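Visitor: Using the hints, position chain Z against chain V.
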Amino acid sequence: MIEAKNVNFYYGDFQALRNINMEIGQQTVTALIGPSGCGKSTFLRLFNRMNDLIENTRLEGECVVNDQNIYNRSVDVDELRKEVGMVFQKPNPFPKSIFENVAYGLRVNGNNNKKSVTQRVEESLISAALWDEVKDKLHKSAFELSGGQQQRLCIARALAVSPMVLLMDEPASALDPVSTSKIEELIHRLKTDYTIVIVTHNMQQAARVSDKTAFFMLGELVEYSDTKKMFLNPDKEATQNYITGRFG
Amino acid sequence: MKQNEQELQFLKDEINQMWKLVISQVERSKQALLGGDTERAEEVMGLEKRVDAFDLKMDSLCEHYIALYSPVAIDLRLVLSIMKISLTLERIADYAVGIARYVADGDCAGFFAQTKKPLEIESMFENLLSMLTDSQVAFNSENARNAGKILAKDRKINEIYRNAFQVLNGQLQKEPAKIDCGLKMILTLQKMERIGDHCSNIVEEIAFYTEAKILKHKDRP
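Just so you know, the sequences run in chain order V and Z.
FYI, the numbering for the first sequence is 0 to 247, going by numbering that gives the first Met the number 0.
FYI, the numbering for the second sequence is 0 to 220, going by numbering that gives the first Met the number 0.
No wet-lab data here; the hints were simulated from the structure.
Please read these numbers as outputs of a predicted model, since none were measured by experiment.
Mixed in with the good hints there might be a few duds.
[What the hints assert, rightly or not] Pairs of lysine to any residue residues, derived as SDA-like cross-links and limited to a Cα-Cα distance of at most 20 Å, are as follows: (1) V:Lys235 x Z:Lys212; (2) Z:Lys1 x V:Lys227; (3) V:Lys228 x Z:Ser69; (4) V:Lys227 x Z:Lys11; (5) Z:Lys1 x V:Phe246; (6) Z:Lys212 x V:Asp234; (7) Z:Lys11 x V:Ser115; (8) V:Lys228 x Z:Leu75; (9) Z:Lys177 x Z:Gly109; (10) V:Lys227 x Z:Ile213; (11) Z:Lys212 x V:Thr226; (12) V:Lys228 x Z:Glu210; (13) V:Lys227 x Z:Glu210; (14) V:Lys235 x Z:Arg76; (15) V:Lys227 x Z:Gly109; (16) Z:Lys1 x V:Asp234.
[Said to hold, decoys possible] Which residues of chain Z face chain V? A partial, calculated answer using Cβ under 10 Å: (17) Asn3; (18) Gly35; (19) Leu67; (20) Ser69; (21) Asp74; (22) Arg76; (23) Glu210; (24) Leu214.
Using N, Cα and C, we set each Cβ at its ideal position, and we do this for glycine too.
In isolation and in its complexed conformation, chain Z is listed as follows:
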């Protein structure tokens, strides 16, 4: 393998490590929220710095690669995609930490436990985790053919998110004193919905990397 290819492989390996860590952060925030597990929530918060360090490292590695190798064609698209995916993964991890913080506060454990089922929190998380892992597979196999399937999961998440307002409204009418917890839950759901949007952005980057297609700002079915 040429030096140039070794460096690109190293970039891929590093972004995969970061991806794995971010998936585990989302998985932990899921366990924390669904189980009311404050210790797990603390773990998520404690690992935030590692994700941030990865983000800085990816920026630096990509900058060096561009400066030293002046990549073009698929190599250029790969490096540009890795820079954007790294930034996006860091934001996803921030949302996971945000969710974990609400769990760690511990003051709404009962309300969260009571509403998680009607709000379909588990299904939302499953879709998010599936988007993250499927997009990682697409990236590594240099194949954006499953982009449509992955993006469909984001639409499912958005649907659950939209329905959540009605569910929460009904719940809060029964328990108006829990308005603070209701707001926290809305913000939690909003973070999950945003994670879905970021996963879609990753899929767009993979389509750019593998096929030089621009999906960004295009209407989706």
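With the rest of the complex left out, here is chain V:
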């Protein structure tokens, strides 16, 4: 469903990704791990063209979502981002009510039917495991929520437009263990309906939540395999050194 074909990516003269080839299956959770600056977040952001916003960058190769190279001129980036949602490291709710945060994407996409929007907001909040905590205060400011709740609100906001893919860039790194656990539980449940790619610096989190793990180093994809294998018996010495904390 998602595929990188011979991907090279440059920030100016600096090559951040080197000949990445990788296929990500539907309804799986794939963790991207590696030391800071290894290119994993750059790689993640390629799949909803977030890197387009950075000046003086250049991509070679293809990033395929649903059999289409998303860097083709014909691709509408707004449409792409409906298919490929993103959740960031720090929760970034809009300065609006809880309800309006989730409804925002629907309205931007032209859905102004009150009943339909209300139903979709509820469904999204339920999917994001937040409904029970906010159903009685939907019109209060999103900033009144805790950090963990705000992050789940951002996930609900991403889910509202019914994407097929969710990209998560360290979604729990700013959260306490209880909130982290809720996000991880949520990822487990969401993978039955969504394809999830997550960048994390937390090795145990990668081991817990993902089906497959990709280890990046210096812009290269060093190893990509089943998570259970990766954390018990990786093929490459560099992977073993990284996950056991020998370097990085």
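Guide: Below, chain Z without anything else, positioned relative to chain V:
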């Protein structure tokens, strides 16, 4: 060396200490049985608590390491292997104590002396001690290449054990009054055979630690 690596090295050092003690327990039980040496047998029995203490200590150290460092890959395999090797060493030491108890009873000294040669007791012990020391070398060198050679010694022990029944049968037909001593000898041989099996289990753990290979429950040549 990083803190994590220091802790792992400490675990290795401790399991090596335990290994050394258990080898010495098997060596002492050999001397006791072959020499009819009841004092040596008492020594083996007296040291049992030290082995037990090591076993508890290894459990505790491994639990702490897992809780504090959440090991993965080769580190995880090492800690899991150390936990199992520690348990196995403790059982080997129990068998050494069991052998020593029969010697310490002193009532079958003559029968043991008479049968030790035809039963190839010394050869069995030599193979057992060699399995223990070779597996320790394999563990420390992180090299399971000699696993086959070590496991072959277990097969040799099993062969001696199987042949022992015929030898003992012949002996007991000549001396039916010694049936109690014959039974003790069978139980002694059985303990030695079990030590061999446990040594094989240690080799399997080393293969898991060093190469992530699962040898357990696989047919061996």
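Visitor: Looking back at the numbered hints, which does the structure fail to meet, lowest number first?
Guide: 2, 4, 7, 15, 16, 18, 19 and 24
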